[in-house]
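Colleague: Sequence:
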Amino acid sequence: MPFTRNIELGRVALVNLAADPLYGKLVTIVDFVDMNRVLIDSPTIQRCVISLRRLALTSIVVDLKEEKSPSKETLAAALKAADVEGKWAASAWGKKIARQQARKNLTDFDRYKVMVARTKRSALIKKALA
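End of the sequence shown sits at 572 in our numbering; the numbers just go up one at a time, nothing left out.
Calculated directly from the structure, the hints in this document are not laboratory data. Some hints here could point you the wrong way.
Calculated cross-link-like contacts (lysine-lysine; reagent style PhoX-like; alpha-carbon spacing at most 25 Å) [stated by the list, open to error]:
no., residue 1, residue 2
1, K555, K568
2, K467, K569
3, K467, K555
4, K562, K467
5, K507, K529
6, K568, K546
7, K537, K522
8, K569, K555
9, K467, K507
10, K510, K522
11, K546, K562
12, K537, K555
13, K568, K467
14, K568, K537
15, K538, K514
16, K546, K522
17, K510, K546
18, K538, K555
19, K510, K529
20, K538, K467
21, K529, K555
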């Protein structure tokens, strides 16, 4: 199967290096610096240059009409028109990250309630199969 997630203008990527201050943010490639670095932008961050090694490409592409380095307003409008946040939230990757974030934010009592619910569910399944 050929590679389908090419590095292109308008490609949405996830910053995946934990040491990076932008870790976990969705960004859009708006220009190329060289073979290893790109210019990224998003409505929530300041435009900056980042190494491609720090990015994980998603399957989402925003139509920038082949415009290199679009303005913040143009990019925000293109992201809204493409419903990037909705597509990301509906994807398996986005759901997995949201689930991890929700579990990370649980309190001790919430973890206890999850454990009790899991135990009850397991008991019901064992009873039904027995």
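Colleague: Indicate, hint by hint, whether the structure satisfies it.
Modeller: Now for the hints, and whether the structure bears them out:
| no. | hint | in the structure |
| --- | --- | --- |
| 1 | K555 <-> K568 | holds, 20 Å |
| 2 | K467 <-> K569 | violated, 44 Å |
| 3 | K467 <-> K555 | violated, 30 Å |
| 4 | K562 <-> K467 | violated, 37 Å |
| 5 | K507 <-> K529 | holds, 20 Å |
| 6 | K568 <-> K546 | violated, 29 Å |
| 7 | K537 <-> K522 | holds, 20 Å |
| 8 | K569 <-> K555 | holds, 21 Å |
| 9 | K467 <-> K507 | holds, 23 Å |
| 10 | K510 <-> K522 | holds, 18 Å |
| 11 | K546 <-> K562 | holds, 23 Å |
| 12 | K537 <-> K555 | holds, 22 Å |
| 13 | K568 <-> K467 | violated, 42 Å |
| 14 | K568 <-> K537 | violated, 29 Å |
| 15 | K538 <-> K514 | violated, 29 Å |
| 16 | K546 <-> K522 | violated, 29 Å |
| 17 | K510 <-> K546 | violated, 38 Å |
| 18 | K538 <-> K555 | holds, 21 Å |
| 19 | K510 <-> K529 | holds, 24 Å |
| 20 | K538 <-> K467 | holds, 14 Å |
| 21 | K529 <-> K555 | violated, 31 Å |
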